[in-house]
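Undergrad: Dock the two chains into a complex; use the hints.
Chains R and P, in that order, give the protein sequences. The letter at position 39 of the first sequence is residue 39 when you use our numbering, and the numbering goes up by one with no holes. Adding 1000 to a residue's 1-based position in the second sequence gives its number in our numbering.
These are computed hints drawn from the structure, not numbers from a lab. For glycine and all other residues, C-beta sits at the position ideal for the given N, C-alpha and C. Heads up, a few of these hints could be off.
Cβ-to-Cβ under 8 angstroms is the rule here; a few derived chain P residues that face chain R [stated by the list, open to error]:
no., residue
1, THR1114
2, VAL1170
3, GLY1173
4, ALA1174
5, PRO1182
6, MET1200
Okay, the calculated bits of chain P under chain R, using three or more residues with CB under 8 angstroms as the criterion [what the hints assert, rightly or not]:
no., segment
7, 1145 to 1158
8, 1187 to 1197
9, 1201 to 1207
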Amino acid sequence: MTALAVLVALSPLAGSAAALAGARARLAAVAAAAGAAVALGCSLALLVMLDGRAPLFGWDGFLYVDSLGGFFLMTVAGVTLLAAVGSIGYIAAQEDSGELGRFQVRLYFTFFGLFASLMLAALETGNLGLLFVLVEASTLASAALVGLEGRARSLEAAWKYVIISSLGVTIALAGTLFLFYSGSALHLGSNLGLTWPYLLAHAGALAPQSLRLAFLLAVVGYGTKVGLAPMHTWLPDAHAEAPSPASAMLSAALLNVGMYAIIRFLAITQARLGHTYPRAVLLFFGFASIVIGALFMVRRGNFKRLFAYSSVEQMGIIAVALGFGGTLGLYGALLQMLNHAIAKAVLFLSSGDVALRYKTREAGEVSGLLAAVPVTGGVLLLASFAVLGSPPFGLFLSELTIVRAGFAGGSPVFPLLLLALLGLAFVPFARTTAGMVMGNPPPLASPYRDRAAVAVTAAPWILGLAVLLVLGLWIPAGLDTVLRHSIAVIG
Amino acid sequence: MESLSATSTAGVLLDLSGVLILLLAFACLASKLFNRYVVYYGAQSVVLSFAAATAAVAFHSAELWILAVLTLAVKGIAIPVTARRLLVTRLALKRDAAMSTGLSTSLIAGGALTAFAYLVIRPALLPHGTVAAAVVPLSTAVILLGSLSMVVRRHTVAQLIGWLIVENGVFLGAITLVATFPFIVEAGIFLDIVAGVLIMVVFVSGLTRQLAEASAGELRELRG
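Okay, chain P solo, but in the shape it has when bound (with noise of 0.2 angstroms):
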């Protein structure tokens, strides 16, 4: 595995996308409109898959050009369609108001959660002047992000859509620095992804008809 340097087209290119996702994931935490969530999501999966092809021409990787296939695939269409037709659409959902706090303050954090990531990833661990020295930072920061945005706001829904915020910053991650990984995992962590939105979708269905309103700001029943 040879490191791609950040001058270089692709490596350019990869910075340019891991920049859009880090956006996007911004953007997902700024909005307060479901439909902007799933919309949010699916443009960054797009995004992504363009960074894996990208990352599939460099490496001249026939697995790599198969995972780009499958997040578009996946990531980009199958789960943002089945997210607006089987929860924002069927449960009626619209406005976002169960937040723990306001959003100008989740952006405060989330712009110091990426100058966080920037100063713990950058110095030490990477070798200066490769395309991963930028990028992984930006994936830290949008693994962080999908985190915050997952803290901040208590509709399942929206968990839901932090949480794949997360995996597509691992992804971000994955293809820049290792670019490697065996193609069953690879496969397996797709599988997993999706048999993960489907049953939480199935969870969010119930307590929906549970609670009329599947916030979990609403679960309250457990504590201690």
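If we strip away everything but chain R, and leave its shape as in the complex, we get (with noise of 0.2 angstroms):
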């Protein structure tokens, strides 16, 4: 198991090791897609080994998965899948176009491999100081992707992104710090004791005071990089600039790492200071978020920052649904992020396409894109109604029972709040993005090479559309055995 859980971690490597090697585009896609698909098939075979079982620990801790982080595993792998397929495509259609050079081919896909690779590696740790050192080291490999294309406003996009998200980062070092501290009763001295699962197997020893700062700390530093307002603000830049390929990464991973983050903290808080105190923390976080989110996305412009928003405020709503907790809030907040996480994969990927055949990020700029690219059309149509919680797709399953939830938990303002905000979001974008797919398209040329890169192109966007939709009907026996057992661990 443990080699299986290594594997994981480093299998998206493949993609850095061929483009190191000085393959082409195509070549390195590929490669990275199969090493996506590796890590995939193993983060599946872990939860199916895991099921009900002991987790994974080994290395004094510093090696840990349990069911939680195999659904993160699970997640993270599946949208690197997604965005490598997607990249065979896109990347090599800006190859041959000579918009992106050589250099900056092989810089993106080395770094994609070990953005992924990272990522996932955070996931797998049980130490929440290496967690840290995974994150910011996720955040470094990503500012490359994001001032990939070296415009002024890429690099502008990366400064922002780099400078902010390592500031939050610390900042959650900063909160991890008090988190041993408030555990100086225990005699943290091993590296044991610096791990998650025996801090909160020992939360009644922690000091309730430096706690609470801790708590506040990592919400705060963690948050920037989930992007929950006010400290979003490197968000919709990042997304915006990046590849295409890469906003998926961004939008549909880091986020969501950011998030088990939290969720770990969140843990070890509960069980000592009980709900009430995290559970306003994350409202408040999580109301702020998906007001900012819905204001913005009203400014129309480029069509990436509106899914960017959209990204921030989806971030409020799982917050939220942490915040209303109990069973049907974690069910809800866990689900929501399988579901937004390949919602907004297919979204930004499909915007690739959009941005390769119009030439342009100005949704303005975009018309006709159901006469003109069906395909494209249909499906950026359809995933858009997916992210705003349109049945039959998952979003509306999850979101229902988050407000279930709030709905469960007591008081029905904060409910019916979200649904208001749920539907406040819901004409901007709706409108953005109806606008784009529908009147007379201008002339276009296609950007891809052949019908095969075409058919690979659309590949992913089928695909995630397809899991939505069986999402939004039907949850896999195994899905929400998984669910069930994650939510234990968090308790």
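TA: This is the structure in structure tokens:
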């Protein structure tokens, strides 16, 4: 099992290795996709092997995988696979058109693999200090992806991203520090004492005052990576300027990794301080993010920025779900994370196709998508409705669960507010995407080399939409078990 | 992990280092010359490495000794020298004009933040009479001052130095509070800082080439 876990974290490096060995875009992307497929397969195998058994524990707790970690591994590996397959068409088309030079292509795949591998490793460690190290390293690896295109705009976005996220994660390190300090009574001298299962088991001995501070700092710090308002300011720029498959990775994988870190802190804090305090913190940041996300979606303009603000909103919904708590709330939160990851990956990947064909990222300059490229237009429209929580897609089910959790928790004010805000977000988002899809198209040239490239580009969107549809109609028994085990871990 | 008392020799030395580190953070906040930013940061890191060495003696910890040496080599020497060569000299940076507030305003805000750090941290959190009770408010103040200088200064190089000062503040807290972060973690943090500085240097140079002046104040294209 240890070997399997190591393989999950290392296999995305296949793409990096191919790029470093001098492969062109197509070959490197295929290597990256193969690596991601191996990672996804291994993480599924891990989940099956973990089912109901003791978590995987090794190397003094530096390696620790339980159901919750396994669930996130599956999500991140799945997104990596979609994004890697999406890179085959997208990056190769940019290489062919000369928009990206050989060096940039090599840079892209090197850091793409490194980014994925660091995120997966972060999900596999039980040591909270190492979690910080890996999350910060993944920030640095992805900053290179954001700044890849080398124009003033993308460098600006990359600078904002790297400096704001680094500061945020450093604050999370201060939070980790206070968490360890709150355990002074436990004499946490060994490596083992600094792992989160140990801290959770001995939560009763933690000092409440510094634990409070630790949780707040961790939410602010890792919340910066999640894109919770008001620490979200890097997010729209980075998502808009990164190449589309990299935007998909940021929005669908990285944000979830940040949320995973918050969930680990939440579990420990709840075990010691009870529910009231952590829930208040999460509800505050959650609603702030939903409001900010919904308001900024009103502005028309770059469609990737629109999707990015939708990510801020969605992360807010997940934070609110964690704040509602209870079995229902946690179930909804985890399901929402999986659904949002798939839907946002599909949206960003298909928007990359739009950007290639129309040579613009401005929503106002795109029209007639459905007439010009029916597949892209259809996928974009369906994925938009999926993200907005329309039935029959998965997000409808998870958002319904979250609202139910809110009502079950007592006061109807918060779930009603959530419903109102979801409605508010629907209008501007749907208006922009509908405008892109309808109308008469301008004359367009295909950016792809042949029909096979078109098919490969569209494959991850169709696959993602199919999974979303299935998850909207039916939760497979295996997934249900994993979710229930994960909830038991959080407590 | 036992706590050092504030009156032991090591406790007094740690306290003194903390005060010096805070003063150097203030000096950086009050300065307008890029050269000085780098010098003050380097000096702060040297004091920090002295503090780590003090803690290493007090806790009899070989790992802390290694950290003290690493701090001196990486933060005290390598990063300041690199920043000076690659940024200040090569980009011909002299006076930093890109500030969103005046110097006196930012110093007053810095003073207020220091007082705030004492108010928040001191009473409830830490047992009275330990060196941690004296140094952790200082390290919190350093974190806040570093963040403040990132906010009031709009030049990318100044923001980079601000982040490094925040990092130093966290490290100061770490050696007094925990003293036993696993070594792999500490080494990882160092690697992150080095990689972070390198990648930020690349971005700053790229932005300077594109914008003539790499001031984040000029970074106005992406809004809303």
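Undergrad: Evaluate each hint against the coordinates.
TA: Each hint tested on the structure:
Look at THR1114(P): its Cβ only gets to about 16 angstroms from chain R, farther than 8 angstroms, so that hint breaks. Taking 8 angstroms as the C-beta contact cut-off toward chain R, the hint placing VAL1170(P) at the interface holds, the least distance being around 5 angstroms. Taking 8 angstroms as the C-beta contact cut-off toward chain R, the hint placing GLY1173(P) at the interface holds, the least distance being around 6 angstroms. Taken as an interface hint, ALA1174(P) checks out: its beta carbon lies about 6 angstroms from the nearest beta carbon of chain R, inside 8 angstroms.
A hinted interface residue such as PRO1182(P) counts as satisfied when its beta carbon comes closer than 8 angstroms to some beta carbon of chain R; here the least separation is about 5 angstroms, so the hint holds. About 6 angstroms separates the beta-carbon of MET1200(P) from the nearest beta-carbon of chain R, less than 8 angstroms, and the hint is met. Coverage of the segment 1145 to 1158 of chain P by chain R holds [criterion: at least 3 residues with CB-CB distance below 8 angstroms; count 3]. Counting residues of the segment 1187 to 1197 of chain P whose CB lies closer than 8 angstroms to any CB of chain R gives 6, so the stated coverage by that chain holds, three being the minimum.
Counting residues of the segment 1201 to 1207 of chain P whose beta-carbon sits less than 8 angstroms from any beta-carbon of chain R gives 4, enough to reach three: the coverage restraint holds.
The structure shown violates just one earlier hint, number 1.
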